[in-house]
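Sequences listed follow chains A and B, in order.
Residue 188, in the UniProt record's numbering, is where the first sequence stops; the numbers in between run on with no holes.
Residue 585, in the UniProt record's numbering, is where the second sequence stops; the numbers in between run on with no holes.
Just to be clear, a hint being listed does not mean it is correct.
Said to hold, decoys possible - As a list, the in silico DSSO-like pairs of lysine-lysine whose alpha-carbon atoms are at most 30 Å apart:
id : chain 1 : residue 1 : chain 2 : residue 2
1  : B       : Lys583    : A       : Lys127
2  : A       : Lys135    : A       : Lys98
3  : B       : Lys65     : A       : Lys142
4  : B       : Lys434    : B       : Lys471
Calculated from the structure, these hints are not laboratory results.
The model shown is predicted, which means the values in this text are computed figures rather than measured ones.
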Amino acid sequence: MSSTEQGTSSAAPAEPTTAPESAAAPEVPESFYYVHGKDKVVHKVSAGALQHSALIHGMISNLGYTEEQAKANPFPFENIDGDILQMVVDWCNQHKGKPTPPEDTNLPKQKEKLFDLVLAVNYLEIKELLTYCCKQVAMMVKGKSPEEIREIWMIPTDAEDEAAEKEAKKRAGKEAAGETAAAAGDAK
Amino acid sequence: MPESRFPLLQLPRVVLLECIENLDVFEIILFSLLSKRAKSIAKLIRLNLLDIHITCEGDPQIWFKVPNVPWLDWVIDYNKEKDSSVYPAFHSILEGPKAVNFLILHDNGNVIGDMKHMVEHICEVFSSPISEIVIFEESLIEWIIKFQPTIRHVRIRKGVVSSIETIDRILKNIDVTEFFGLEPLTIEEKSKTTEPIPSRSLFVFDCSWLTLPSILNGTNSILRLYDSKLTPCDINTSDGRKRIFPKYGKRKRKRKKNFNFTETEKETETIIFSLLSERTKSIAKLIPLNLLDIHITSEGDPQIWFKLPNLPGLDWVIDYNKQYESSVYPAFRSSLNGPKAVNFLILHDNGNVIDDVKQMVEHICEVFRSQISDIVIFDESFIEWIIKFQPTIGHVRIREDVISSVETMERILKSIKVTEFFGLEPLTIDKKFKTTEPILSRFIVIFSSFWVTLPSILNGTNSIIRLYDSKLTTKDISTILNEWQMGTKLRNLKYLEIEFVPIQVNTSYYEILEDLDWTDYDENDGRPRTVEIDDDWIITLPMEYSPLNLIRSDGMIGSIVDIGSKWFGEVRKTRISFVVWSKQS
């Protein structure tokens, strides 16, 4: 079989990366779910991509929705901004069914956006993405002086912390007094 | 000024701690200094520092290590050479097998006070004690008595102690458990002490104040006393039986010196030392040290790699090179690659490099009583050499076209016992050659695997099999999978990958599946995404297709995770990947 022998080559890969022309049968059709954020824009996401989120995965695992039911009942995440939810959905789609690489350079560079993303990712329990985000947060202060760290991370001084604590106590006292007065008024 | 800000303290506690855990130890220290709140957050990281020591090498310095990275030192250095605006500065250096990270802070004239505060802060945040102090300024004595009166190592610099009262105070109030060293001091000649000094090891210059009862009543293990006022009679008492220093006979000390030389120098220097003569070789063999992971390879230059026990992040490489004039050899070089470091000893490739490599390996294996664990055979003569020198070996990889005859192939299969990994790159031998014997190693990867037959696979005990350009047929592969499912053969199989060229061009790979009892229900929960060969080699499995599952009676699941054909020019190659797993694993 000369054709076989011609195929012998040092280029034969140790880690073949080419996908086969066709996959093994039978394939189960993929199911989709719908989510929306504060802006009410609905995103269609496959169950495979949503597996990254422990929160959503737990919610959908026993639902058994049909396509129509899923479409009619999008999961509302009113505490997440629309653009942040879009980022999360994009990340889940990009990493669907793939092992996550050690670094992810596609995270937002703007610190405000990263803060919202961290909160959303923590809420949605997406462990790998949270790990990347925390690394990114740590990288912000690489090679910085203490005062620069204080500035970047908005760390109050002890005096500021004490003043804020006093203010909070004062406010709590006023609120308690107000409630007592209101209760006394009700009793009359 | 930073362009935008990140309200770190508003993060949920768990996320906040994960962010802090991603900081390096200097960054944690700088963060913890920002406020009481930041300090209490840093304390929650629960990182203990090791070997905290205070010293003064030109600049006052605080040294420490973090657990599991013994080759990396962290140093806070107080310096005043430059303008105060350049501080704090960060700097790293590589010194042989070790690396040092520096945080350089400004010495603003109150360096001793600053350093004491910093040490107290570090000890509190990381719940770690000081292990060593070099007292280079007298105020450190009262401070250490108050802050940490029990300490392993204390060394007092020349001229710091000026009275016998201070010595008394040190001896009475600081419990030195391991080493107490006292450099020359200026106190009155008549001052004496008769009290024992409790540390295990004692090293004192100007020890006129130290008397015989102080020595005899002590429990010191090592004593080194200079400018002593002890008499010959004190040292070897009059009845000739009671010696102060029984362990320090002349012969023993000389022998100890030899050991110190070879044990503390770099390993490559020990190797060079051992090559000087039969006598130096015998001395080097006395070092109780085994090398790990000795492997021979050729990455451009022929190389011998090895590691030392307890230093997994450090590789030592002897490299044979001919780029430069012979006079520059041997040369030493180190490189740092991420968390790992490599030390090179570069020797001259004088045209007889293969024999030089063989002799060097034999020498190293003998001196360090160690075995070769891995060989990349890049020259045919290594085959007979390894059969003779060490026929049982963990890993063998044979480079492309090194084997040119059936006889050599048979000799390898019969005479080298490869226990872990056997890899064979493409070769050009008679295509009629076949073997029905099993290939013993746990993991085999064979390019040009036309010679590997069905009985060879079925009768083997391999755990991972990867065959390329195989002559196995769809029927053969179907038999392999059937036998695995019945549990009669291939009980150890974890992963199988075969690329073959169908004998008939129109043969469909579906023929493999025809006689198999595969399931079409979902058994994918927990299917592995990777197959781990060893620490450095992980195969990533395709996950995009629903697999076909074969279930064995003991509950093990075999998943065909990839099957398909692809044209390479005019050749259609078919590939199948099969992984074994269980729901418990």
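- Are Lys135(A) and Lys98(A) close enough, with their CA atoms no more than 30 Å apart? Between Lys135(A) and Lys98(A) the Cα gap is close to 20 Å, so the pair holds against 30 Å.
- For the pair supplied as a hint, Lys65(B) and Lys142(A), is the alpha-carbon distance within the 30 Å limit? The given pair, whose Cα atoms are some 20 Å apart, holds under the 30 Å limit.
- Take a quick look at whether Lys434(B) and Lys471(B) sit within 30 Å of each other, Cα to Cα. holds, 10 Å
- Straight-line alpha-carbon gap Lys583(B) to Lys127(A), limit 30 Å: holds, 23 Å
The structure agrees with every numbered hint stated previously.
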